[in-house]
Amino acid sequence: MRQIQNFKETSKKVEITMTGWDGTGYNGEGKKMNIWTNDRMPEAVFVCKWMPEYQEYCVLKVDFDNKHEKTGLPQVDFFNSFPADMMNK
Numbered sequence: 024m025r026q027i028q029n030f031k032e033t034s035k036k037v038e039i040t041m042t043g044w045d046g047t048g049y050n051g052e053g054k055k056m057n058i059w060t061n062d063r064m065p066e067a068v069f070v071c072k073w074m075p076e077y078q079e080y081c082v083l084k085v086d087f088d089n090k091h092e093k094t095g096l097p098q099v100d101f102f103n104s105f106p107a108d109m110m111n112k
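In short: position in the sequence shown from 1, add 23, done, that's this note's numbering.
Worth flagging that the hints you see were computed from the coordinates, not collected in a lab.
As the structure is a computational prediction, the values presented were derived from the model and not from experiment.
Where a beta carbon is used, it is the ideal one built from N, C-alpha and C, also for glycine.
Worth double-checking, as some hints may not be accurate.
Claimed, not checked - Quick list of simulated restraints, FRET-style, between CB atoms: (1) ARG63 x LYS35: 27 to 33 Å; (2) LYS112 x GLY43: 26 to 32 Å; (3) ASN50 x MET109: 20 to 26 Å; (4) ARG25 x ASP45: 16 to 22 Å; (5) ARG25 x ASN50: 26 to 32 Å; (6) PRO75 x GLN28: 28 to 34 Å.
What the hints assert, rightly or not - 27 Å max Cα-Cα, derived DSSO-like pairs, lysine-lysine: (7) LYS93 x LYS31; (8) LYS55 x LYS35; (9) LYS112 x LYS36.
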């Protein structure tokens, strides 16, 4: 699995909505993404998305307490970003 600094990709999935953050999910549409973890924040759940317009991987924290009003899916908040060469595959 992939890794960026302390963030590690898992094979587990979570369904979230981007709520427009990445240009999708404005109406709460969901997408299933791999869960990323960080040993320094063991209770937190993250997803990672390549953002071509910034040429960076963005790590987004899943906010299970902040659900989309129409679909009830958890929303994400920006957490950190990394240039492409920091991704270990």
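Status of the hints after comparison with the structure:
1. Here the CB-CB span from ARG63 to LYS35 is close to 19 Å, at odds with the stated 27 to 33 Å.
2. In this structure, LYS112 and GLY43 meet the distance hint of 26 to 32 Å, their C-beta atoms being roughly 29 Å apart.
3. Judged by the Cβ atoms, the range 20 to 26 Å given for ASN50 and MET109 is violated: they are separated by roughly 33 Å.
4. Range check, ARG25 to ASP45: Cβ separation about 18 Å, and the 16 to 22 Å hint holds.
5. Against the hinted window of 26 to 32 Å, the Cβ-Cβ separation of ARG25 and ASN50 comes to about 30 Å, which satisfies the hint.
6. Remark: the range hint 28 to 34 Å for PRO75 to GLN28 is contradicted by a beta-carbon distance near 21 Å.
7. With a C-alpha separation of about 31 Å, the suggested pairing of LYS93 with LYS31 is violated against the 27 Å cut-off.
8. Taken as a hint, the LYS55 and LYS35 pair is honoured in the structure, with Cα atoms around 10 Å apart against an allowance of 27 Å.
9. In summary, the hint linking LYS112 to LYS36 is supported, as the alpha carbons are separated by about 18 Å, within the 27 Å threshold.
Hints 1, 3, 6, 7 from the list above are not met by this structure, while the remaining hints are.
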